[in-house]
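K.L.:
Here are the chains, one letter per residue:
There are 4 protein chains.
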Amino acid sequence: MPPAEVVLGENRYGKAEVRIVAVSRDGDRHEIKDLNVSIALAGDFDATHLTGDNADVLPTDTQKNTVYAFAKEHGVGEIEAFGLRLARHFVDSHGPSRRCWVRIEEYGWDRIQLGGQPAPHSFARTGPETRIAEVAVAGGAGAGGSSRDELVVSGISGLVLLNSTGSEFHGFHQDRYTTLPETRDRILATEVSARWRHLPGDQPVDQRDWRTSFDETRRHLLGAFADTYSLSLQQTLYAMGERVLRERDEVAEVRLALPNRHHLLVDLAPFGLTNESEVFYASDRPYGLIEGTVRRAGVAESALAW
Amino acid sequence: MPPAEVVLGENRYGKAEVRIVAVSRDGDRHEIKDLNVSIALAGDFDATHLTGDNADVLPTDTQKNTVYAFAKEHGVGEIEAFGLRLARHFVDSHGPSRRCWVRIEEYGWDRIQLGGQPAPHSFARTGPETRIAEVAVAGGAGAGGSSRDELVVSGISGLVLLNSTGSEFHGFHQDRYTTLPETRDRILATEVSARWRHLPGDQPVDQRDWRTSFDETRRHLLGAFADTYSLSLQQTLYAMGERVLRERDEVAEVRLALPNRHHLLVDLAPFGLTNESEVFYASDRPYGLIEGTVRRAGVAESALAW
Amino acid sequence: MPPAEVVLGENRYGKAEVRIVAVSRDGDRHEIKDLNVSIALAGDFDATHLTGDNADVLPTDTQKNTVYAFAKEHGVGEIEAFGLRLARHFVDSHGPSRRCWVRIEEYGWDRIQLGGQPAPHSFARTGPETRIAEVAVAGGAGAGGSSRDELVVSGISGLVLLNSTGSEFHGFHQDRYTTLPETRDRILATEVSARWRHLPGDQPVDQRDWRTSFDETRRHLLGAFADTYSLSLQQTLYAMGERVLRERDEVAEVRLALPNRHHLLVDLAPFGLTNESEVFYASDRPYGLIEGTVRRAGVAESALAW
Amino acid sequence: MPPAEVVLGENRYGKAEVRIVAVSRDGDRHEIKDLNVSIALAGDFDATHLTGDNADVLPTDTQKNTVYAFAKEHGVGEIEAFGLRLARHFVDSHGPSRRCWVRIEEYGWDRIQLGGQPAPHSFARTGPETRIAEVAVAGGAGAGGSSRDELVVSGISGLVLLNSTGSEFHGFHQDRYTTLPETRDRILATEVSARWRHLPGDQPVDQRDWRTSFDETRRHLLGAFADTYSLSLQQTLYAMGERVLRERDEVAEVRLALPNRHHLLVDLAPFGLTNESEVFYASDRPYGLIEGTVRRAGVAESALAW
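Residue numbers (this note's numbering), protein chains in the order written: chain A, 11 to 316; chain B, 11 to 316; chain C, 11 to 316; chain D, 11 to 316.
Accuracy of the hints is not assured; some may be wrong.
Because identical chains cannot be distinguished in the list, a pair is counted as satisfied if it fits within a single copy or across any two copies.
In silico DMTMM-like cross-links for lysine to aspartate or glutamate, where the CA-CA straight-line distance does not exceed 25 Å [what the hints assert, rightly or not]:
no., residue 1, residue 2
1, Lys43, Glu139
2, Lys82, Glu192
3, Lys82, Asp219
4, Lys82, Glu27
5, Lys82, Asp195
Source of the hints: derived by calculation from the structure; they are not laboratory data.
Given these sequences and hints, build the entire structure.
P.N.:
Spelled out as structure tokens, the structure:
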């Protein structure tokens with residue numbers, strides 16, 4: 011007989027997908043930031059669950075307003091810093107909020123070229139690719155910054171990569187249900203979802219050069235994908251994470267999820283044709299999904315989950 | 011200076027989104043099962059990451075084949091049981107696989123009515139709603155069933171609910187950024203994402219009545235949503251979880267994610283019209299997101315994460 | 011040398027995807043209508059294109075407001091009638107608007123059951139299926155109703171149907187690139203997209219029983235799909251259209267688009283298993299797409315395109 | 011009483027969304043083409059609709075095979091030429107097929123940079139933007155090329171553009187339902203869907219420089235969007251079409267669909283802040299939709315619909 015007592019477990023709430031475009035001006039020249047901001051708060055919220063007493067609830071509508079107001083009051087800047095500013099605000103200013111998570115997606119825009127010159131205030135959206143920051147802050151209202159736990163994760167999603175050669179797959183375990191032929195030359199394609207945790211540094215976290223860190227990490231992910239001769243997508247995954255850790259001192263750990271976007275060689279023999287790795291069917295489903303973490307040995311785990 | 015040593019952390023891999031439709035026959039009358047099956051394996055897979063040696067890798071293609079073959083050999087049955095059968099197989103038959111997760115989505119179909127009678131082999135897809143099973147099995151190849159850890163979670167996604175009255179929101183915390191007016195009558199709408207963990211039982215887990223358990227749990231989720239007079243979506247969330255735990259002895263814990271699909275009262279005053287909770291704008295973004303767990307006190311946690 | 015003169019051709023504009031939920035009350039019992047309304051206007055709009063003079067432009071924001079105001083002033087009722095009311099309004103009240111198209115999607119909701127009784131104001135969304143009305147009205151502001159051209163089309167999208175037997179495909183044309191084997195038993199599945207044009211009737215078009223017309227037409231589409239023994243999806247398409255025209259006197263013409271959702275028999279022979287139409291792989295892409303019109307001979311074409 | 015006779019009207023069928031990736035090699039350096047090809051045939055297909063006799067039906071599976079075989083036999087090249095080759099093949103080789111439409115979407119890939127050099131066979135997907143070709147060919151099997159009607163349309167979709175200033179909207183028609191304030195400075199953003207019809211030329215259509223034509227047309231669309239001071243999105247639409255026609259002699263007509271992606275100025279006054287066109291809410295729905303055609307006067311219409 012199960013025990014009758016029912017209790018509230020882990021819970022959190024917040025405003026998701028606050029879409030904001032912020033324009034900043036330097037004379038005639040504009041910059042834009044195009045973000046999707048999601049906030050979650052956890053803490054002392056039993057009352058609203060158990061009795062509907064909302065005295066401790068900071069409405070999600072207020073959270074949304076705060077995003078817009080902060081963009082004006084402080085500017086947006088880099089998303090890791092904007093996320094930290096928001097997360098610290100909620101934990102510091104609202105007693106019942108013991109933890110705050112902020113996730114920001116940033117959509118890229120390039121300047122349109124006009125007569126060979128970049129237009130001052132005209133832009134075209136770049137790739138399917140999205141830059142991500144995930145920030146978590148824990149600490150009580152009276153605690154102040156020194157005792158807060160903070161986690162900053164940067165990331166990227168929607169980055170689709172393809173090597174048209176330089177990939178093999180063979181020597182795998184065989185059982186009764188195995189029919190896959192071995193291959194010495196295949197297309198390797200994936201949509202990279204990557205997140206990496208930053209080491210705590212000496213300087214205040216919102217004064218770091220987040221932009222350079224992101225650009226360089228992205229460059230190393232692409233470089234390792236491209237110049238790793240691959241015997242498995244797992245091997246490529248590890249090489250990508252390892253490259254980042256070797257090249258970027260500020261990164262503690264890299265997590266990657268790499269769907270294997272299968273490109274199947276089309277059998278042209280029925281038409282009297284050969285297919286020497288020329289014509290492929292790009293399959294939607296099913297797909298392999300390879301997930302893995304590469305980390306720096308000896309670095310402490312974060313106190314905050316991600 | 012960060013330590014130079016780079017190591018492989020947590021990792022897993024498998025085939026995702028294996029789409030299978032299985033037809034079973036009882037004379038002229040057919041039954042269909044329409045599933046989307048995803049598998050992940052974790053264990054001793056360092057070699058493929060570090061050197062590309064795939065000797066311990068069971069290809070994701072083989073995993074896919076196993077799904078289809080098992081549907082023939084054992085039938086599909088209820089998805090919790092099908093998931094357990096698959097997960098046990100991989101952990102038991104493939105030494106390096108220490109853990110296996112199987113996630114199955116089941117799409118519903120109703121019989122088409124012909125002249126007032128259900129057609130024997132003609133079907134129409136039901137709702138946007140999807141039934142879910144998530145199974146995890148841990149244990150070595152030689153361990154046998156008695157020492158395995160097993161987790162069975164059932165769930166539902168895409169279940170969209172709306173109360174057109176019986177919902178208030180007021181008495182909340184106010185700060186500098188608060189503009190939301192209090193309301194004594196609003197639409198409450200959400201898209202339920204629910205998962206619930208089953209208690210280990212006396213009988214073999216694949217002989218339980220999973221279908222009844224799912225149907226009844228779903229009925230209680232809907233009932234609690236409909237007849238809870240709501241002062242916050244958090245209160246409704248807790249009521250839904252509590253109802254399931256009070257009514258279904260086999261459930262240890264319920265996790266709910268409830269996006270608040272805001273329906274905003276349209277201001278008709280500029281047109282000389284009143285709006286007595288009659289005309290609403292259904293907003294897409296941003297939305298509140300309420301997440302929470304309701305559990306049975308004193309029940310052991312699962313050894314396996316979900 | 012191409013002629014230098016550049017001219018404005020066909021054009022139209024309007025507000026798309028106005029999301030409205032309207033609640034009506036009969037004592038404690040509520041009804042809801044959940045719509046997505048899109049409007050387009052064509053007429054004398056050269057000035058805004060050529061010089062940016064907007065004097066003749068009715069802003070799309072005003073169109074949106076009109077949808078909400080009309081829901082209050084006139085109620086929503088059936089979507090064909092609501093669409094006609096809106097389209098007539100724009101053509102009659104705004105001189106430059108010579109034509110108006112209104113497209114409405116209606117999402118279905120069922121009452122939640124509470125203790126075996128339907129709840130008075132609690133609802134769950136039904137299927138992926140959407141009811142559609144497309145209305146077009148042409149005529150000048152001074153013309154009045156008698157000289158207007160009007161077109162009313164009803165429709166359905168997202169209706170997914172499957173026959174698990176009763177379908178063959180053979181005897182087709184073969185050429186050098188044909189590899190498809192003939193089959194005497196296959197799954198036939200499709201996602202119905204159907205639209206049907208209503209005959210002009212004696213009574214005012216907004217007093218027709220649109221609800222019954224829709225429900226019965228839907229019933230006949232399903233019935234014909236289910237009880238047609240099919241030698242090709244084209245044959246099933248024709249049977250569906252023909253059934254509607256034979257059974258529903260108010261319908262002039264039916265247009266159907268039926269993607270062939272291929273279900274491929276999985277080859278289980280490598281595992282020593284047979285597959286007697288039991289286990290199928292549900293493929294996403296590519297898919298066959300069958301489009302066709304079935305009409306009543308001798309009925310005049312509509313003066314308005316659809 | 012409606013006439014009893016039911017007849018088959020317009021119809022067509024074909025294989026949709028054939029996903030093909032073709033790799034070509036020049037030594038170590040690879041090129042890839044990533045396409046989504048859809049085919050439709052119309053002609054003498056009454057029998058399959060009325061009786062299920064498929065003798066005149068070229069299976070959609072064969073159409074798919076033809077795409078893959080042609081990629082090997084003839085190469086892919088530019089998508090307009092590949093589409094023409096496929097469409098002519100079906101009309102010329104299969105008697106009952108009187109018309110053929112081929113629509114091709116091409117996804118862009120950039121070379122990954124390695125040490126400042128483009129990698130020889132590693133690629134990253136570009137933007138959300140897709141290049142499109144739509145080809146139609148009409149003519150009997152015995153007709154030969156000289157009497158065929160042919161239509162070639164190029165296009166682009168998913169091209170998202172934004173001007174952060176240089177856009178006004180005022181002086182519009184006002185009625186009872188108007189509440190929109192006039193604005194002298196707004197963000198103008200849209201997702202361009204453009205298609206343009208090519209003039210028949212002297213040289214064979216598959217020897218034209220389709221790539222340059224596409225690149226230049228795209229450049230002019232962006233240029234006109236960026237340097238048009240806009241009083242309405244209609245004015246911008248016309249300017250974009252006109253620019254293309256003035257600059258590209260090979261284009262007969264441009265069709266544009268421009269959703270107005272509204273960016274709403276956030277009211278920061280409740281927080282004691284001003285908002286000088288700095289902080290915007292990017293709204294999803296509803297949206298204005300502006301559609302228009304700009305054409306070269308005096309050029310004959312195509313005999314084929316598009």
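K.L.:
Each hint needs a verdict: does it hold in this structure or not?
P.N.:
Hints, verified against the model:
1. Lys43 x Glu139: The answer is both: 15 Å in one copy and 20 Å across copies each meet 25 Å.
2. Lys82 x Glu192: Between copies only: 23 Å across, 58 Å inside.
3. Lys82 x Asp219: Intra 21 Å, inter 49 Å, cutoff 25 Å: intra-copy only.
4. Lys82 x Glu27: Within one copy only: 18 Å inside, 31 Å across.
5. Lys82 x Asp195: Answer is between; shortest inter-copy Cα gap is 18 Å, intra-copy 54 Å.
No hint from the list above goes unmet by this structure.
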